[in-house]
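Chemist: Sequence:
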Amino acid sequence: MAVRVKEACIKAAKVGYEDAAILGLCHEGAVEASISAIQTIDVDAIMRELTAKD
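Numbered according to the numbering used here, the sequence shown terminates at residue 54, and the numbering increases by one at each position without gaps.
Hints in this document: simulated from the structure, not taken from any laboratory.
One or more of the hints may lead you astray.
Unchecked claim - What follows is a set of in silico ranges between Cβ atoms, one per label pair, in the way DEER data are often shown: (1) Ala21 / Ala52: 33 to 41 Å; (2) Leu50 / Gly29: 31 to 39 Å; (3) Glu49 / Gly29: 25 to 33 Å.
As the structure is a computational prediction, the values presented were derived from the model and not from experiment.
Ideal Cβ placement from N, Cα and C applies to all residues, glycine included.
Could you put the whole structure together from the sequences, leaning on the hints where they help?
Modeler: Below, the structure written as structure tokens:
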């Protein structure tokens, strides 16, 4: 479970940073965007997905 949440956080952070950089945000702004992306992760959905696979 922890590994799956960690993977989702990393993916969200990368996508959030890349999107912000494409839009022209500075490094600090892109980092803030990546943190915001992590905050939008639906951990409950990940849990349901993992539970359904068992």
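Chemist: Evaluate the given range 25 to 33 Å for the C-beta pair formed by glutamate 49 and glycine 29.
Modeler: 31 Å, holds
Chemist: For the range 31 to 39 Å, tell me whether the beta carbons of leucine 50 and glycine 29 fit it or not.
Modeler: 33 Å, holds
Chemist: Could you see if the CB distance from alanine 21 to alanine 52 stays within 33 to 41 Å?
Modeler: 35 Å, holds
In summary, this structure violates none of the numbered hints.
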